[in-house]
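**Student:** So you can see what is in the structure, the chains are spelled out below.
Protein chains: 2
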Amino acid sequence: MSSNAQGSSGSAAQRHRVVIVGGGFGGLHAAKHLGASDYDVTLLDKRNFQLFQPLLYQVATGALTIGDIAIPQRVVLRKARNVTCLTATAYDIDTDHKVVRHEFGETPYDTLVVATGVKHHYFGKDEWRAFAPGLKTAEHAIEMRRKIFGAFERAEMTDDLKLRDELQTFVIVGAGPTGVELAGAIGELAQKVMVRDFRRIDSRESRVLLIEGAPQVLPAFDEKLRVAARRHLEALGVQVMTSTMVENVSAEGVRIRKGETTTEIRARTVLWAAGVRASLFGQILAERLGVPLDRGGRVRVEPDCSLPGHPDIFVIGDLARLTDARGREVPGLAPAAIQQGRYVATTLKRRAKRKTALKPFYYRDWGSMAVIGMNRAVGDLRAFKTTGTLAWFLWAFVHIRALIDGSQRVRVFVQWVWKYLTRHIGDRLVTGAPTSTKTLRAERLGDPPSMP
Amino acid sequence: MSSNAQGSSGSAAQRHRVVIVGGGFGGLHAAKHLGASDYDVTLLDKRNFQLFQPLLYQVATGALTIGDIAIPQRVVLRKARNVTCLTATAYDIDTDHKVVRHEFGETPYDTLVVATGVKHHYFGKDEWRAFAPGLKTAEHAIEMRRKIFGAFERAEMTDDLKLRDELQTFVIVGAGPTGVELAGAIGELAQKVMVRDFRRIDSRESRVLLIEGAPQVLPAFDEKLRVAARRHLEALGVQVMTSTMVENVSAEGVRIRKGETTTEIRARTVLWAAGVRASLFGQILAERLGVPLDRGGRVRVEPDCSLPGHPDIFVIGDLARLTDARGREVPGLAPAAIQQGRYVATTLKRRAKRKTALKPFYYRDWGSMAVIGMNRAVGDLRAFKTTGTLAWFLWAFVHIRALIDGSQRVRVFVQWVWKYLTRHIGDRLVTGAPTSTKTLRAERLGDPPSMP
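If you read the protein sequences in the order shown, they are chains A and B.
Counted the way this note's numbering counts, the first sequence spans residues 266 to 717.
Counted the way this note's numbering counts, the second sequence spans residues 266 to 717.
Chain A with its partners taken away, still in its complex shape (with noise of 0.2 Å):
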C-alpha cells in the first residue's frame, strides 16, 4: 500500500490517486510506467485514442490511413489494471479541493500530471485558421488531406484555367520538419504518385510552395542536412522561399514578404505547419497558482518536472518549459515526453516506497529526423549525419520501432514496403458528406413537389 506516499490526503484504505490530463506521449507512457504500481491511477482526455503524431502528416498526405497510426489509450493499458481511463474534456483544476473539473464532473487528485501539450499558433491572427489548417489532430489530417485530394479533383473538373492554376497551388507555411515533411510529400504526390490519374490536368503542373521565415529550411538541423533537405524537395519540384514572411492567409490565397517585396499568391489550398502555442491548462495553472509561463505560454517546471512550490503537480511533454540537467533546453519532441512520462512515473513510485528522489530529468537526445518524399529523409543523430535513402531506412525502422501496437506496426510496414514497390497510395479519400441531390435540386430547381 502507499497511503504514506506523500500528498495522499485519503484514509489508510484509500490508495493515492494520481490523476494524469492529456493522453499523448507523454500522459500515457506515465500511465503505463504507473501500471502495477500501488497507485490508483486515471488517465483523462478528450479523445479515446492516442495518435502517433510524427506521422500524422502521411495521413494527411495519403499515403497511411488514420487508423495505421492511432490506438485507443485503453487498449495500450489493459494490462495496467489500476489505471482507469477516461474520455472527458478537462477545463479545470481546483488546487484548493484537489479535484480536476471536466465536462461530466470531478475527479479528485492526490497527485496531478498535466501533459495536454501544445496547439496551432497563428501569430495572434486566429482568423487565418479557418484558410489553412494545422497538423496537430486526427481531424486535422483528414480535413488537410480533404483540401490536398480535394483541390486535385476539382481541378480536373473546371475548365476554367484561372481556377484550375489556384486549385494547383499549395502553400505550406513553415518549413521545420512537419512543414518540410509535408512539403516533399505533396510534392511527390504532383510529379510522381499521382501522374497517371488524370484526364484533363497534369499533376506535374502543380506548384508547391514551402515558406519560411528563416534563412533556412529546418533551422534546428545541422547546416549539411538543411541544404540536403532543400536539395531533395527541390527535386521534387518544391519551390522553397526561405527568410519570407507571411502576411496575410485568406480564402483566396496569401501575402507574403521578402524584404521589401510583397507578392500575393494564389491558392486554395494553403497549409499550416508553424508557431505552436501551449494549450490552455498553461494558462489555468499561471491563474490558479501564479506559477510562471513562458512567452509560448508554455509552464517553466523544476528539475524534477514538478511545478515550483507544488511538489505534487507536474507537467510534462510539450506544455513543459525545462533546462534539464545538462544545462539544455528539453525540444518539444516525442521522445522528450516519453522520457518525461517515465521519468515522473519513476519519482511517484520512488516516493511511494520512501527511495531518494531521482537525480534532476534530463533529455536523452536521439537525434531527430525528417523525411522527404517517398524514400528520402535527413537524420541529424548523435554519432553521424545522414542524408537520402540511408537516413530514410534508419527514419522508417525507428518510426515503426516506435509504433506502440504490434498490429499498428506489420500495418505500416506493410503499406509501406507496399508504396515502397508499387508507388501506389493508401487512403486518399476526400470525406465529409458531399452535397446531396436532393439540396441540389431544391436549389437549382425548385424542389419540385413530386420529390420526396
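Where hints are given, some of them may not hold.
Said to hold, decoys possible - List of simulated lysine-lysine pairs, BS3-like, C-alpha gap at most 30 Å:
(1) Lys412(A) <-> Lys703(B)
(2) Lys363(A) <-> Lys523(B)
(3) Lys703(B) <-> Lys401(A)
(4) Lys384(A) <-> Lys703(B)
(5) Lys412(A) <-> Lys344(B)
(6) Lys523(B) <-> Lys344(B)
(7) Lys344(A) <-> Lys427(B)
(8) Lys427(A) <-> Lys344(B)
Simulated from the structure, these hints should not be mistaken for laboratory data.
For chain A, the structure is supplied; the task is to place chain B on it using the hints.
**Tutor:** Relative to the frame of chain A, chain B by itself:
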C-alpha cells in the same frame, strides 16, 4: 472509331460519349470494362472513392479502418486512359439535350448509365434517421463507430447506473445480413474483445438486441442457416427478437410491438439495418421519361438493362428492378451490380462493332453469406450450405479476393489474421471534434478575460 455506334450525336471525329452516374460496384465495373475501348467514358460520382460496402460493418465496429475498404475510382481506372473520373454531385438528366446536370455544370452524353444505388428508408419516418444511423456510406460507418465506442466511453465515465444501462444497450433494427453482422460484431466486442478494457463497467453486461419484423433472422436464407445464425448470435449474447415491429425511435430508445404487446426499450445506441429505397435518380428518370418504378422506387428495366423505349439509357445495380432471363428477380447485391456493369460494357462494345446484341442479362448466383462475430458465418452457396468456422474461412477468402486493390488485400488480410490470433482490434477511434476546453470554460466559468 465508334462514331457509328448507336446513339452517337457527334461528328465522325468525335468519339461516342458514355457517361456513368455513380461509381459503386456497378458503375465502376462498367467503366473498367469500357477501358481500352473507343468510347469516351466519364464516371461521375459524389465521392472520389468506391466503398466495399459488404465490409462496412467491420469499420463501424472497429475491426477495419475506412482506408482498408475504400479506393479512389481514379486509381482503379488508372490504366483506362479513355475513362475520366469526375467528383461532382449530379442532380438532373436532360434527355432532350442529352446532358447530365451536376453541381459544377453539365456533361453531355450519347449513352447514359445510371448506377446510383439505394439509400436507407425509415418506413416513411425520416425523423428516425437522426437517432438511428444506417450503414451505406463511409460517413455512416464512422458515425456508427462514434456511437458504439462513444457509448462505452460514456458508460465508463458515469456514476448514474440507469444511464449506464442505457449506454450499454444496443438496438439493431433489421436482421438481414447487415443487421446480423452488426449485432454479431457488437456482441463479440462486449463479450470477448473489450472484456479487459474497462475498470468501472463490465462490458459483458451490455445488451445487444436484434429486432426483426419477419418470423426469423436472415429471411432470404435457407431455414437451416437461419437456425444456425440465430444460435451463433445467441452464443455472443445477442437477444434476437423476431416478429417484432419498431413503432418509434427517439433519442431515448425504441418502442417495439410483438403481437399486442408494446415495450419501450431505453437505449442510447440504435442502429438501422432495415429498409432501403431507391436513390433520387429513380424518380428523376420517372419524371423525365415516364418510365415505371416499383414500390421501392427502383426503375424497371428491359432484359438488357436499358430503359423501355430508351436504348441509350441503362440502369444497373441496386437502382434497377429486373427479372432476369431465367425468370429470377435480380437481388440488390454487389455481385449482381458487378455483373450488370460488365454486361452493359460488353453490350456497348458489341454495338460499336455492329455485332449482334448479347442475350438478355442473367444473374449468376454464387450464393450469399453472413458472418457472425469473429469466426463464424453462414453460407448459402449454390452447391452446399455451410455454417461455423469453415463458412467463416470461405467468407474471408471470397471477400479478400473481391477487394480490388492489391495493397488493400494484403492489409485486410493482415488485419484479420492479427485479429484472429490476438483478438486485437483495428480502429475504435471516436473521431469528430470533442468538446473544447475553451468552450467548456466559457460555459461553466463564464470565460474569465485572462483566457485567450
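**Student:** Holds or violated: Lys384(A) and Lys703(B), Cα atoms, limit 30 Å.
**Tutor:** Within the cut-off at roughly 12 Å; holds.
**Student:** Given the proposed pairing of Lys523(B) with Lys344(B), does the C-alpha separation stay at or below 30 Å?
**Tutor:** 55 Å, violated
**Student:** What's the verdict on Lys363(A) and Lys523(B), does the C-alpha distance respect the 30 Å limit or exceed it?
**Tutor:** The given pair, whose Cα atoms are some 52 Å apart, is violated under the 30 Å limit.
**Student:** Within a Cα-Cα threshold of 30 Å, do Lys427(A) and Lys344(B) meet the stated pairing?
**Tutor:** 28 Å, holds
**Student:** Please work out if Lys344(A) and Lys427(B) have their alpha carbons no farther apart than 30 Å.
**Tutor:** Judged against 30 Å, a Cα distance of about 28 Å means the pair holds.
**Student:** Is it true that the CA of Lys703(B) sits at most 30 Å from the CA of Lys401(A)?
**Tutor:** Distance of about 17 Å is within 30 Å: holds.
**Student:** With the threshold set at 30 Å, check whether the alpha-carbon distance from Lys412(A) to Lys344(B) stays at or below it.
**Tutor:** Holds: Lys412(A) and Lys344(B) sit about 25 Å apart, inside 30 Å.
**Student:** For the pair supplied as a hint, Lys412(A) and Lys703(B), is the alpha-carbon distance within the 30 Å limit?
**Tutor:** At roughly 26 Å apart (the allowed maximum being 30 Å), Lys703(B) and Lys412(A) satisfy the hint.
The earlier numbered hints that this structure contradicts are 2 and 6.
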